[in-house]
Amino acid sequence: MQTRRTASPAPGRGSAERQNGEPEARLLVVEDEANIRELLATSLRFAGFEVEVAATGADAIAAAARNHPDLCVLDVMLPDMDGFTVTRRLRESGRPLPIVFVTARDSVEDKVKGLTVGGDDYVTKPFSLEEVVARIRAVLRRTRPSEDEGSAITFEDLTLDDDSHEVRRAGRTIEVSPTEFKLLRYLMLNPNRVLSKAQILDHVWDYDFRGEAGIVESYISYLRRKIDTEGLPPLIHTKRGVGYVLRLPPS
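Using numbering that gives the first Met the number 0, the first residue of the sequence shown is number 0, and each one after it goes up by one.
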């Protein structure tokens, strides 16, 4: 069962271009190698996106502030600052710009760092253009609701309403704190996906992951007591050594 919003889908959603002829999304591609930058830009335009390009971190930060793209495709190795620094500065600006790293830096340490500093996905070179497009669309689905979508997010019998700031399970209203609400919302936007403590810290508390896992464990415990009450199937599960996931129990 996937998370759903209580509204009909937008026309043309999931296709390369919306029915009104507008681009599917506006992307900022940041890559210092001209041939790769042009390959990505051309391919993404062909897929139905509007694309702006930048070759340096400084240009990327300026372009993001000027044009407000829907998503940034970001290399790590840039001439003036690395992509992790660019991500931190974009996050500090307060605008929730989704970021997909596309980079030759393929170590586990780099991948963890990229997701921890605020990246939403991490693709390594050499890459498949089809995979890059698919990952971009997946991130957009998670992070950018359609204009026609309502404020309620639903998973099974659990509902979270952004406008009223209410949470209900099986018809019962549940009182949650602002932080619990934000944590639950993040879990519900990523159903059946294991989220690491580092990702949760970054998205819910805007912290870098520096050994502060205890706060995540505490708030997960608070939510479980409220959401997974007696007589209802538990929805919040621990993947030992990895993180947490919102899903139904195994049948």
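I should point out that these hints are in silico values taken from the structure, not numbers from a laboratory.
All C-beta atoms in this analysis are idealised placements derived from N, C-alpha and C, irrespective of residue type, glycine included.
Wrong hints could be hidden among the right ones.
[What the hints assert, rightly or not] Think about it this way: if two alpha-carbon atoms lie no more than 20 Å apart in a straight line, the pair counts; the simulated EDC-like pairs of lysine to aspartate or glutamate are:
(1) Lys196 x Glu179
(2) Lys181 x Glu91
(3) Lys124 x Asp105
(4) Lys181 x Asp161
[Stated by the list, open to error] Derived CB-CB ranges, DEER-like:
(5) Asn66 x Arg171: 41 to 49 Å
(6) Ser42 x Pro233: 39 to 47 Å
(7) Arg192 x Glu37: 26 to 34 Å
(8) Ser42 x Asp156: 36 to 44 Å
(9) Arg224 x His67: 25 to 33 Å
(10) Ser163 x Asp31: 43 to 51 Å
Verification of the supplied hints:
Restraint check: the Cα-Cα separation between Lys196 and Glu179 comes to about 15 Å, which is no more than 20 Å; the hinted pair holds. The suggested pairing of Lys181 with Glu91 holds, with an alpha-carbon distance near 19 Å, which does not exceed 20 Å. Restraint check: the Cα-Cα separation between Lys124 and Asp105 comes to about 8 Å, which is no more than 20 Å; the hinted pair holds. The straight-line distance between the Cα atoms of Lys181 and Asp161 is roughly 10 Å, inside the 20 Å bound, and the hint therefore holds.
A hinted range of 41 to 49 Å for the beta carbons of Asn66 and Arg171 is consistent with their spacing of about 45 Å. Checked against the hint of 39 to 47 Å, the pair Ser42 and Pro233 passes, with Cβ atoms roughly 43 Å apart. Under the hint 26 to 34 Å, the C-beta atoms of Arg192 and Glu37, about 33 Å apart, fit the expected range. Ser42 and Asp156 have their C-beta atoms about 42 Å apart, which keeps the hinted 36 to 44 Å range intact.
In this structure the hint that Arg224 and His67 lie 25 to 33 Å apart at CB is violated, the actual value being about 40 Å. A C-beta distance of roughly 46 Å is found between Ser163 and Asp31, which places it inside the suggested range of 43 to 51 Å.
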